[in-house]
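One-letter residues, chain by chain:
Protein chains: 2
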Amino acid sequence: MGTVFSDRISDVPRSFIREILKVTVDREVISFAGGLPGRDLFPVEEIKDAAMKVLTESGRDVLQYSTSEGHLPLREWISRRYLKRKGLDVPPEQILITSGSQQGLDLLGKTFLNEGDGVVIEEPGYLGAIQAFSIYRSAFHPVPLNRDGVDTALLAKALAGERVKLFYAVPNFQNPSGITYTEEVRKKIAGLVKTGEVILIEDDPYGELRFLGADMPSLKTLAPRNTVLLGSFSKIVVPSFRVGWIAAREDIMEKLLVAKQASDLHTNYLGQRIIHQYLMDNDIEKHIATIREAYGRQREAMVEAIREHFPEGVAFTEPEGGMFLWVSLPAGISSMKVFDRAIAQKVAFVPGNPFYTTGGDRSTMRLNFSSVDAGTIRTGIERLGRVIKEFL
Amino acid sequence: MGTVFSDRISDVPRSFIREILKVTVDREVISFAGGLPGRDLFPVEEIKDAAMKVLTESGRDVLQYSTSEGHLPLREWISRRYLKRKGLDVPPEQILITSGSQQGLDLLGKTFLNEGDGVVIEEPGYLGAIQAFSIYRSAFHPVPLNRDGVDTALLAKALAGERVKLFYAVPNFQNPSGITYTEEVRKKIAGLVKTGEVILIEDDPYGELRFLGADMPSLKTLAPRNTVLLGSFSKIVVPSFRVGWIAAREDIMEKLLVAKQASDLHTNYLGQRIIHQYLMDNDIEKHIATIREAYGRQREAMVEAIREHFPEGVAFTEPEGGMFLWVSLPAGISSMKVFDRAIAQKVAFVPGNPFYTTGGDRSTMRLNFSSVDAGTIRTGIERLGRVIKEFL
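First to last, the sequence lines map onto chains A and B.
Here the first sequence stands for residues 74 to 465, numbered as in the numbering used here.
Here the second sequence stands for residues 74 to 465, numbered as in the numbering used here.
I should point out that these hints are in silico values taken from the structure, not numbers from a laboratory.
Keep in mind that the hints are not guaranteed to be accurate.
Identical chains blur together in the list; that is why a pair holds if it fits in one copy or across any two.
As the list claims (entries may be wrong) - Listed next, the in silico DSS-like pairs over lysine-lysine satisfying Cα-Cα at most 30 Å (straight line): (1) 95 with 462; (2) 230 with 157; (3) 238 with 121; (4) 121 with 359; (5) 410 with 462; (6) 95 with 359; (7) 126 with 95; (8) 121 with 410; (9) 462 with 230; (10) 126 with 359; (11) 238 with 126; (12) 126 with 230; (13) 230 with 260; (14) 260 with 121; (15) 238 with 419; (16) 260 with 157; (17) 410 with 359; (18) 238 with 159; (19) 159 with 95; (20) 462 with 159; (21) 410 with 260.
Isolated chain A, as found in the complex:
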């Protein structure tokens, strides 16, 4: 019966991370593999209060079907915050609430991609985006990341490719690498996309989580018409509600709305209402500062432990924010093989392979520091260091 399935579904890479997470349910395994926000930071009581309030004050409304665009006061809040924090003028009419940023990617795939259309993507790139666009049978054009962001010379070439429609980028604390684009790189990118018709997807789930250095201008401020900006409450409030958004100009928004209706009618409305109530009644800046501080400490613990326990010849990024750090082992060492041995030593990470669209075995690995406390990070990195040394 295998032949009845669509070609696309066979093309989508299986989520290797999912497989890994199964291995790491063993409570003795210290896992740097996940991508989870720190659960101790969730504002449980505040969310409970907000839930009570909306269910008490407008119970029947929050239980009924709602609009595909999303809760207007929430879109207004996002709009005001963009203006305040980034000087970015996005009216609420240009904001669509999505079922997490992952749905944003799916809707953009639906709206833009014919089979074989080109998508320029960072290498290494975000696995969720690779999966979402694979569904629409896109042709990937990977562009390597340097320490200061995507390689702009190679980007220029890639953007000029035939049938290229989208350029997908995570300019702040990129997943998986932790790299942040410099202002210079951002300006070059804006210059490149402004002259053409390629849509730049600026995915910014981690932008608020900066614990070092200064904020960089959003690509959407530099190339407003050509940029679609994705945001999410998953990393600054709670992930389980699946509430994110897309900011895009009106002709794109109109198409996205058609795609949204066909996909799930609207994003769960209780979640939208609770988040909005939470934002009204609490100081989100203070909450974000708490997250930043915690992740900053954990990142510091990880960097220090890597310096102490990893052998020479291992390179790693030192992110200024976000949740991930990227390790490059000496060429020739398979991180898949390291993974097998690491699991036996009760420590886990994500091998680099799934973050590349070109296949092949890799010597890189992604480490998460947001969901493990500093003490555990030290123990885990020491274990991992021992395993890596066995390969030298």
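Use these hints to put chain B onto chain A, whose structure you have.
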């Protein structure tokens, strides 16, 4: 810039219903146009209690990312209920929680449809399904509905068509027609699909809402391997959470899971947990009985008012459950034109046009009776009767 969009997104019919709902926000308009459950029936207090309980007892868990498959105890509940109510043996491993049934349709499109693949669909058919499958550029093969269900002779021909992969059916209280398939029709359909490789999508959002007659066997009990069954909590608990499910055999489930991950990672988890808690702490049978009784009364009021106020030559269905009733005006009367005049008289409905995949103007209309009380129904039908008479 129009050319940058995908071909598919231009193919999807704009939601005419959305447009209509805009016209009907005028509070003086009596609207039979929507598809909303009755809001007075929502179990607001019980949902509030359930929300408090899950947030108090497992706050951090219900706020964290969750599994793509969905909350296991909820899937177990669905599995047990299928066995009890329908004698249907679907283990929890063959149930995927979706962001409403609409997402179920999108995931099935992703999983099965290459461009140009055939989808057999009822005529008139559910607009949400037409939109969802249009995204994957399917070729529709409409089969007319008779009073006893889909026309099985024409269905046999349609199923034998080239590249036909899916047959989409709503056998209980169909949207838009209100028609229910007889047992004989169901058995014929099962016989037809069992011999081939076409997947039958049995969409059953209204199955529990029967106020007259006896339950019919699910198509999935008659052709278990070839049938994918969609269900939803939208009509029996609350719609705003967007929690539905797909029941499918394991090789299909594996593919659907890949599609689900690429679409939104997982369905909002708080909503799943609240619904499960609600089901644990309350008598759902009693709640469903209350809904059935209310909708039964409203349907009765509508049928009686139609008999009294609509002119001769107008035919209409008398549904045994669900939320919709279907009216056929004498041939040649455009229900679009009736709509314009009806709006001026402060009454609204959905003209038949968007429920057909073959275009053209129609003399049919869909009337909703779930969201309007009996008194208002009588007033609205009287107004509508007057308008229709002007066209004779």
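(message) Checking each numbered hint in turn, tell me which of them this model violates, lowest number first.
(response) Hints 2, 3, 6, 8, 9, 11, 12, 14, 15, 17, 19, 20, 21 contradicted; others consistent.
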